[in-house]
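**Q** These protein sequence lines map, in sequence, to chains A and B.
When you line the first sequence up against this note's numbering, it's residues 216 to 818, in that order.
When you line the second sequence up against this note's numbering, it's residues 26 to 284, in that order.
Derived from the structure by calculation, the hints contain no laboratory data.
Hints may contain errors.
Simulated pairs of lysine-lysine, DSS-like, Cα-Cα distance not exceeding 30 Å [said to hold, decoys possible]:
#: 1; chain 1: A; residue 1: 566; chain 2: B; residue 2: 51
#: 2; chain 1: A; residue 1: 790; chain 2: A; residue 2: 712
#: 3; chain 1: A; residue 1: 790; chain 2: A; residue 2: 500
#: 4; chain 1: B; residue 1: 145; chain 2: A; residue 2: 366
#: 5; chain 1: A; residue 1: 366; chain 2: B; residue 2: 239
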Amino acid sequence: MIEFQTHEHDVIVIGAGGAGLRAAIEASSAGVSVGLVCKSLLGKAHTVMAEGGIAAALANVDERDNWKVHFSDTMRGGQYVNNWRMAQLHAQEAPDRVRELEAWGAVFDRTPDGRILQRNFGGHRYPRLAHVGDRTGLEMIRTLQDHGIHKGINVYMEYTVVRLIKDGDRIAGCLAYTREKGRFVAFKAKAVVLATGGIGKAYKITSNSWEYTGDGHTLAYDAGAELQDMEFIQFHPTGMIWPPSVRGILVTEGVRGEGGILLNNKGEQFMYNDIPDNYKNQTAKDPEEGWRYCQGDRNAQRPAELLTRDHVARCIMREVKAGRGSPHGGVFLDISWIKKKIANAPEHIKKKLPSMYHQFKELGDIDITIEPMEVGPTTHYVMGGVKVNADSQMSRVPGLFACGECAVGINGANRLGGNSLSDLLVFGKRAGEHAGKFAKENSATSLPKDQVEAAVKWALEPFERQGSEGPFQIQYDLQDMMQDLVGIVRKEDEMVKALDGIAKLKERAKKTKVVGNREYNPGWHTCLDLHNLLTISEAITKCSIARKESRGGHFREDYQDKVGKWAKVNLVTRKGPDGQMQVEEVPIPEMPADLKQIIEEMK
Amino acid sequence: MTATAGTTQMVTLRIWRTDAQGGDGKFVDYQTPVSEGMVVLDAVHQVQATQANDLACRWNCKAGKCGSCSAEINGKPALMCMTQLAHVPTDQPIMIEPIRAFPTLKDLVTDVSWNYEVKKRIKPFQPRKPDAPDGTWRMDQADVDRVQEFRKCIECFLCQDVCHVLRDHHMHAEFIGPRFLVYTAALEMHPLDTADRLADLKDKDGIGLCNITKCCTKVCPEHITITDNAIIPLKERVVDEFYDPLSLLKRFFGGGKKT
């Protein structure tokens with residue numbers, strides 16, 4: 216007999232990072248009953264790892280900043296394949312979302328006149344990131360968590376959702392298992408908000424935690440929603456590279472925002488050797504000007520180290536390939552040099568970058584106030600995700616919403632640092648608001664028992680199998696393959712090989728077996744995660760093959776230039792009627808004249 | 026002997042394993058190869074992937090930022106992700122157990138739900154009216170430094186684990202533990218907050234039960250000066266409010282609100 220419990224809420228939010236928490240708070244403020252389902256304990260979501268800050272044109276540090284500058288920075292960073300409406304809403308609403316956090320108890324660093332301090336970051340014209348040292352994500356998630364627990368939200372911790380359930384075309388809920396006991400729980404809901412984050416665990420070198428297995432992407436895809444821009448993956452230029460076991464852990468862009476410089480093994484500040492044309496006007500002409508910018512000189516342009524992440528990552532790769540890298544295959548990131556410029560530099564560094572100091576000291580035995588760090592690119596963020604309406608965040612499945620990293624649109628081909636935290640807040644709020652509204656305006660659904668039972672059966676299959684292989688080796692093989700064949704530099708023949716490899720791994724995944732029982736069993740959980748990882752890996756690979764140009768996070772060795780035709784389309788992935796994955800070129804809607812004009816003016 | 030540069034060596038992990046209900050616990054030895062820079066969590070994951078797929082442990086960020094992988098390593102509460110094997114003796118088995126102040130669910134995973142319940146009971150943040158017409162506030166960096174120290178807390182609950190009031194005396198009903206005294210301090214010392222939690226600290230939260238042994242401060246991976254900067258000042262406020270003859274008089278005549 217197939218056993219499961221059922222809970223009913225108006226709105227179910229899946230994921231309790233910044234976007235999920237913000238959505239849950241908003242929906243519950245609308246007076247509907249909200250269930251918040253999360254894979255880990257509350258407050259542990261990946262948002263805690265965000266370091267640098269929240270991008271919002273508060274104009275506290277430079278009064279020339281406003282939403283129009285932020286909008287045009289975001290579009291330029293995304294190479295103009297962004298959803299312009301989302302980029303607009305994001306730039307307009309981010310300041311209010313940040314101020315709201317302060318009203319809920321967040322304690323940001325301050326300007327001399329007592330307002331929220333803002334720091335420099337890559338691709339942002341003015342100092343724009345509200346921050347708390349280098350632990351802004353922790354501040355944000357704790358603020359949302361501590362505010363949210365008094366809003367009457369039902370939190371289901373350590374529950375993993377394995378399938379969305381539909382009633383006809385409409386969303387009707389989802390099926391989850393509890394980590395602790397391995398029991399099944401069906402959630403009946405009028406609206407479901409996906410806020411599950413990213414896909415980093417498809418790669419070997421990543422800054423992402425175990426949770427980032429593309430759950431929301433896959434749940435939506437399997438339920439008939441569309442994914443878009445899956446070829447655009449952000450490789451953050453600065454991850455730790457040594458010792459091997461910490462490879463991939465993030466080193467915040469805030470280091471460069473505070474004046475940190477990138478050096479090759481000849482001691483050259485190599486970022487100044489290659490400045491893209493569309494950034495020439497706003498980049499310092501030499502390191503000296505770059506430093507003045509970091510010190511707040513309003514007549515200086517920002518340092519080449521603060522060019523967009525896609526570009527910096529590729530420049531680092533080039534130095535390494537040319538034999539100018541650091542001993543362990545990266546480059547040097549040096550903040551200690553500022554002692555030549557300012558008094559009490561070590562104290563300043565520890566104050567501004569406490570977790571970086573701590574992280575290198577404890578994991579790498581390196582004192583960043585004295586010596587340079589070694590850094591290299593790490594898989595950090597997926598720009599692609601569930602295709603949603605810009606205003607409401609609803610997908611093409613009625614009642615199914617998505618926000619944050621698992622949704623697509625605001626970032627285009629490359630995300631600017633700091634835009635993620637503000638994205639979570641702006642679109643988390645919108646998703647929660649519209650999911651609440653949808654729940655109020657629509658009648659109850661029924662939760663078809665046959666679908667729930669089929670999902671339970673599917674989830675239990677690994678226990679029935681007689682296979683010989685556990686799931687972990689398959690995950691490692693996938694990570695190695697995606698890293699090698701669909702990584703920072705891509706080529707057609709390698710990616711075709713990867714598609715073949717994914718097909719073979721799918722066969723192996725079907726035969727994985729589970730050791731032990733259903734209680735808190737990571738082996739079983741990983742068996743189920745494989746379905747998600749393989750689905751999104753296929754989407755990434757197929758889209759990367761289809762886009763025959765280089766743009767943002769997608770770099771093709773065999774098509775190294777940007778191509779005009781590709782500036783006008785997004786790639787959309789969906790499940791075809793035959794169950795096969797389809798990829799389609801979809802034209803980007805024409806930008807309204809007023810937005811076009813903003814972009815022209817800011818050039 | 027410790028794991029040193031460029032070498033791979035075999036170590037023995039002596040890991041606490043339980044049945045599915047968290048009972049019948051015993052230590053099981055696993056041999057696994059380790060190389061330079063590995064942390065305890067890496068070694069545990071290696072065992073999980075190759076020898077014990079069903080070995081339960083919590084983790085998320087692997088960078089000391091989420092506070093999920095709390096455990097007791099050779100008897101000392103620590104984050105597994107921030108404990109380098111090079112800093113632990115490896116010529117003898119490395120003992121890894123769950124944190125013991127809370128019930129074990131399975132293997133290295135504990136039921137920390139009590140902490141979430143405690144937090145809900147503490148009066149939430151209540152800001153004063155905005156300082157500026159645009160609805161914003163002004164605060165000096167010097168005034169927020171103190172609170173920012175407390176807000177570094179990653180809720181790993183190692184301080185709760187090591188606190189003898191909880192661990193040895195099991196006074197979970199009477200005492201909220203160091204984590205939530207830090208949390209309360211962050212609220213009480215927040216420049217904008219207007220709520221008063223002093224009566225709760227005295228009557229419900231059991232602040233008097235802390236006898237300042239500072240064990241919590243020693244294990245804090247975020248190096249928060251829990252006892253000196255959070256607990257002692259709160260104790261002083263409680264004393265001033267409830268045991269100082271002058272404030273008693275003031276309260277009698279209707280004053281005594283938080284300043």
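**Q** Hint by hint, note whether the structure agrees.
**A** Evaluated hints:
no.	hint	in the structure
1	A:566 to B:51	violated, 44 Å
2	A:790 to A:712	holds, 22 Å
3	A:790 to A:500	violated, 49 Å
4	B:145 to A:366	holds, 11 Å
5	A:366 to B:239	violated, 35 Å
The structure is inconsistent with the numbered hints 1, 3 and 5, although it conforms to all the rest.
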